[in-house]
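Enquirer: Generate the whole structure from the sequences, applying the supplied hints.
Protein chains: 2
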Amino acid sequence: MRVYNFSAGPAMLPLEVLERAKDELLDWQGGGMSVMEVSHRGKPFVECAASAEAALREVMSIPEGYKCLFLQGGAYGEFAAIPLNLSAAGQSVDFINTGDWSTKAIAEAKKYVTANVIADEKASNFSRVPAQGSYQVSKDAAYLHYTPNETIRGVEFDYVPETGGIPLIGDMSSTILSRPVDVSKFGLIFAGAQKNMGPSGLVVVIVREDLLGKARTECPSVWDFTQQAAADSMLNTPPTFSWYLLGLVLDWVKANGGLEGMAKRNKAKADALYGYIDGSGFYTNPVEKNARSWMNVPFLVANPELEKPFVSEAAKAGLTNLAGHRSVGGMRASIYNAMPLEGVQALIDFMKDFAAKNG
Amino acid sequence: MRVYNFSAGPAMLPLEVLERAKDELLDWQGGGMSVMEVSHRGKPFVECAASAEAALREVMSIPEGYKCLFLQGGAYGEFAAIPLNLSAAGQSVDFINTGDWSTKAIAEAKKYVTANVIADEKASNFSRVPAQGSYQVSKDAAYLHYTPNETIRGVEFDYVPETGGIPLIGDMSSTILSRPVDVSKFGLIFAGAQKNMGPSGLVVVIVREDLLGKARTECPSVWDFTQQAAADSMLNTPPTFSWYLLGLVLDWVKANGGLEGMAKRNKAKADALYGYIDGSGFYTNPVEKNARSWMNVPFLVANPELEKPFVSEAAKAGLTNLAGHRSVGGMRASIYNAMPLEGVQALIDFMKDFAAKNG
Numbered sequence: 037m038r039v040y041n042f043s044a045g046p047a048m049l050p051l052e053v054l055e056r057a058k059d060e061l062l063d064w065q066g067g068g069m070s071v072m073e074v075s076h077r078g079k080p081f082v083e084c085a086a087s088a089e090a091a092l093r094e095v096m097s098i099p100e101g102y103k104c105l106f107l108q109g110g111a112y113g114e115f116a117a118i119p120l121n122l123s124a125a126g127q128s129v130d131f132i133n134t135g136d137w138s139t140k141a142i143a144e145a146k147k148y149v150t151a152n153v154i155a156d157e158k159a160s161n162f163s164r165v166p167a168q169g170s171y172q173v174s175k176d177a178a179y180l181h182y183t184p185n186e187t188i189r190g191v192e193f194d195y196v197p198e199t200g201g202i203p204l205i206g207d208m209s210s211t212i213l214s215r216p217v218d219v220s221k222f223g224l225i226f227a228g229a230q231k232n233m234g235p236s237g238l239v240v241v242i243v244r245e246d247l248l249g250k251a252r253t254e255c256p257s258v259w260d261f262t263q264q265a266a267a268d269s270m271l272n273t274p275p276t277f278s279w280y281l282l283g284l285v286l287d288w289v290k291a292n293g294g295l296e297g298m299a300k301r302n303k304a305k306a307d308a309l310y311g312y313i314d315g316s317g318f319y320t321n322p323v324e325k326n327a328r329s330w331m332n333v334p335f336l337v338a339n340p341e342l343e344k345p346f347v348s349e350a351a352k353a354g355l356t357n358l359a360g361h362r363s364v365g366g367m368r369a370s371i372y373n374a375m376p377l378e379g380v381q382a383l384i385d386f387m388k389d390f391a392a393k394n395g
Numbered sequence: 037m038r039v040y041n042f043s044a045g046p047a048m049l050p051l052e053v054l055e056r057a058k059d060e061l062l063d064w065q066g067g068g069m070s071v072m073e074v075s076h077r078g079k080p081f082v083e084c085a086a087s088a089e090a091a092l093r094e095v096m097s098i099p100e101g102y103k104c105l106f107l108q109g110g111a112y113g114e115f116a117a118i119p120l121n122l123s124a125a126g127q128s129v130d131f132i133n134t135g136d137w138s139t140k141a142i143a144e145a146k147k148y149v150t151a152n153v154i155a156d157e158k159a160s161n162f163s164r165v166p167a168q169g170s171y172q173v174s175k176d177a178a179y180l181h182y183t184p185n186e187t188i189r190g191v192e193f194d195y196v197p198e199t200g201g202i203p204l205i206g207d208m209s210s211t212i213l214s215r216p217v218d219v220s221k222f223g224l225i226f227a228g229a230q231k232n233m234g235p236s237g238l239v240v241v242i243v244r245e246d247l248l249g250k251a252r253t254e255c256p257s258v259w260d261f262t263q264q265a266a267a268d269s270m271l272n273t274p275p276t277f278s279w280y281l282l283g284l285v286l287d288w289v290k291a292n293g294g295l296e297g298m299a300k301r302n303k304a305k306a307d308a309l310y311g312y313i314d315g316s317g318f319y320t321n322p323v324e325k326n327a328r329s330w331m332n333v334p335f336l337v338a339n340p341e342l343e344k345p346f347v348s349e350a351a352k353a354g355l356t357n358l359a360g361h362r363s364v365g366g367m368r369a370s371i372y373n374a375m376p377l378e379g380v381q382a383l384i385d386f387m388k389d390f391a392a393k394n395g
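Which chain is which? The protein sequence lines are P and R, in order. Quick note, the first sequence lines up with residues 37 to 395 if you use the working numbering. Quick note, the second sequence lines up with residues 37 to 395 if you use the working numbering.
I should point out that these hints are in silico values taken from the structure, not numbers from a laboratory. As the structure is a prediction and not an experimental result, all values here were calculated from the model. Be aware that one or more of the hints could be misleading.
Note that the list lumps identical chains together, so a pair holds whenever it fits in one copy or between two copies.
Keeping only pairs whose Cα atoms sit at most 25 Å apart, straight-line, the calculated SDA-like set for lysine to any residue is [to be verified]: (1) K147 / Q263; (2) K344 / Y319; (3) K300 / D314; (4) K147 / G249; (5) K147 / D136; (6) K147 / D268; (7) K300 / Q127; (8) K58 / I384; (9) K79 / G365; (10) K352 / M367; (11) K147 / N292; (12) K140 / S257; (13) K344 / G67; (14) K290 / T199; (15) K303 / E83.
Expert: This is the structure:
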């Protein structure tokens with residue numbers, strides 16, 4: 037029996053995607069080999085990779101003038117790779133700090149640049165986003181880095197920051213493909229695959245071409261965006277299975293209405309869950325309403341001793357991985373694209389029962 | 037129909053491993069989720085990861101005092117990560133150059149260190165290895181880096197270099213798990229997984245603990261061996277599916293006689309193939325006999341116009357990916373652990389027929 041898996045990542049994948057991967061795991065495209073076994077430089081995989089890229093461009097409406105890269109090292113690796121590619125030694129970089137992942141990105145960037153935190157929501161205990169225009173982007177910044185969705189505390193921007201021409205960098209690991217986005221507002225978007233795109237081990241980088249060609253000499257070659265762009269992300273062996281799975285996920289997104297379809301589906305799930313939490317009198321969500329994430333929904337109960345029973349009883353009911361991140365406690369339901377509305381409704385039903393028994 | 041796949045990597049995997057992965061792809065360990073969907077920090081995956089590490093330690097007889105790391109970025113990434121972890125700025129590093137991968141490692145290291153090539157087989161067109169004792173390891177070198185097996189030209193060391201106490205680094209991407217190795221002679225061993233260990237996207241690093249703690253401040257955190265060792269390789273989300281598959285591959289190695297069993301199997305395959313080539317009067321292998329690889333067997337025909345027909349006719353006969361590397365041409369049969377002796381015999385039969393028709 038398949039469960040409803042609320043894991044924050046690696047996370048639930050569409051059942052249709054897993055079924056197709058299973059069907060062709062021993063014999064892909066009739067070639068007598070698994071997709072895991074074929075050379076990344078052979079025609080079948082090169083076409084598979086190109087097709088996934090074309091689907092990504094179509095689904096996200098990526099304009100001309102952007103390169104899509106399929107790399108290794110995760111979003112955390114990009115926290116180093118981005119300053120090494122887009123800034124010169126001694127240059128400064130702006131950050132907006134809205135939670136744990138922005139904080140880690142800032143710490144990593146400080147190895148390579150001067151990091152200016154131009155807006156910091158730490159004082160609000162990361163329960164909101166700064167308002168558009170409430171901060172000033174530095175005129176000499178190499179770029180502005182922000183985190184459109186913070187996975188751990190469930191804080192999501194409801195706007196794209198204006199930068200006055202400074203390149204905008206978005207860490208979209210936990211929000212990519214969840215709704216339409218105007219890529220042209222960004223200098224670079226990156227995302228670890230393991231939430232909305234496929235299995236872990238792949239990080240997607242979408243970068244405006246005029247930002248290429250600036251890698252520092254000490255940038256590792258496999259993370260040099262310019263070299264990888266020139267090599268179609270095959271300077272070295274890419275994570276072929278994850279790339280293939282991404283293609284299947286994108287086919288599923290297309291078959292389900294594209295990003296408009298995903299947005300509709302995700303808004304319905306989020307509205308249902310937040311609506312129930314707010315009216316429950318038992319559960320609370322600490323995030324300001326305009327900044328509530330569609331993807332990661334943390335919630336608390338008044339008595340923390342009920343957290344463990346909640347998580348273990350939910351798991352017995354087929355609702356798994358509902359513990360909050362170890363750094364913040366509480367509960368968290370990650371409801372990425374692959375989670376159907378039925379899963380969220382099953383969760384709400386369970387929450388109602390649990391509240392009735394323990395209220 | 038499954039084919040005999042002679043790809044240099046990603047490469048053939050044991051059929052039993054693929055069948056097991058397929059069986060449990062939708063429901064792993066009865067948890068109602070794919071192994072791709074579970075949190076890397078949940079108990080089931082943490083146990084799976086630890087079990088793969090324990091199997092690696094058992095199979096390779098890794099002594100106490102070594103850490104095993106499961107990272108991203110491939111062996112090419114390690115060409116940067118190793119100098120960043122094991123050398124100070126301004127320090128020098130020794131290299132033995134026996135082919136394309138040593139050459140790339142040297143070029144990448146030069147971003148971070150002074151690279152001394154203490155033995156260079158370029159003049160021999162990379163057709164042999166330097167004899168033990170024919171080169172002098174620098175007394176002040178941070179380490180000596182060499183490539184026990186060169187995948188492209190099929191050159192393999194028949195000994196482990198003596199270094200007089202300088203840490204020895206071995207890029208074992210295409211030879212790891214193919215035969216027993218005395219790990220205690222090495223400071224660090226690394227290997228991309230996609231030849232003998234599983235799918236691409238995972239690189240294994242086995243490092244002596246006294247070499248930890250020396251990472252430069254500019255070393256990216258996800259490649260900092262010390263941080264990753266402290267975090268059991270989960271500083272960030274690891275490539276979970278590749279790690280899981282590695283565990284299945286190691287179970288298969290254990291069930292097939294461990295590294296002694298692999299060595300017996302691999303020697304039989306290599307002896308059969310080189311024996312046929314040398315006696316054929318039609319095919320040639322350019323590598324000196326003591327340095328011939330057990331894993332990658334390049335071969336030539338006198339008339340290069342026969343190369344394309346050879347490769348395409350072989351593919352029709354179910355013997356795939358026999359083209360030589362694009363940088364050197366010719367043919368190459370990669371016969372990693374997963375290739376059975378029957379596959380090599382089928383190749384030899386085909387080669388005989390082809391020679392008879394074209395000789």
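Enquirer: Each hint: holds or not?
Expert: These are the hints, each one checked on the structure:
Both within a single protomer and between protomers do K147 and Q263 lie at most 25 Å apart by alpha-carbon distance, with minima of 22 Å and 15 Å respectively. With identical chains, the CA atoms of K344 and Y319 are at most 25 Å apart within one copy only, with a shortest distance of 15 Å there and 68 Å across copies. Proximity of K300 and D314 under a CA criterion of 25 Å is satisfied intra-copy only: 21 Å inside one chain copy versus 67 Å between copies. For the homomeric pair K147 and G249, the shortest alpha-carbon distances inside one copy (21 Å) and between copies (17 Å) are both at most 25 Å.
Taking the closest pair of Cα atoms, K147 and D136 come within 25 Å of each other only inside a single copy of the chain (18 Å); across copies the shortest separation is 32 Å, beyond that limit. In this assembly of identical chains, K147 and D268 lie within 25 Å of each other by CA distance solely across copies; the values are 23 Å between and 28 Å within a copy. For the homomeric pair K300 and Q127, neither the shortest alpha-carbon distance inside one copy (41 Å) nor that between copies (57 Å) is at most 25 Å. Taking the closest pair of Cα atoms, K58 and I384 never come within 25 Å of each other, the shortest separation being 31 Å inside a single copy and 33 Å across copies.
Proximity of K79 and G365 under a CA criterion of 25 Å is satisfied inter-copy only: 17 Å between copies versus 48 Å inside one chain copy. Only within a single protomer do K352 and M367 lie at most 25 Å apart by alpha-carbon distance; the minimum there is 16 Å, versus 56 Å between protomers. Taking the shortest Cα distances, K147 and N292 never come within 25 Å of each other, neither inside one copy (42 Å) nor across copies (47 Å). When the C-alpha separation of K140 and S257 is checked against a cutoff of 25 Å, the pair qualifies both within a copy, at 23 Å, and between copies, at 10 Å.
Only between protomers do K344 and G67 lie at most 25 Å apart by alpha-carbon distance; the minimum there is 19 Å, versus 49 Å within a single protomer. For the identical chains of this complex, K290 and T199 are neighbours neither inside a copy (31 Å) nor across copies (57 Å), given an alpha-carbon limit of 25 Å. In this homomeric assembly, K303 and E83 never come within 25 Å of each other (Cα to Cα): the closest approach is 34 Å inside a single copy and 36 Å across copies.
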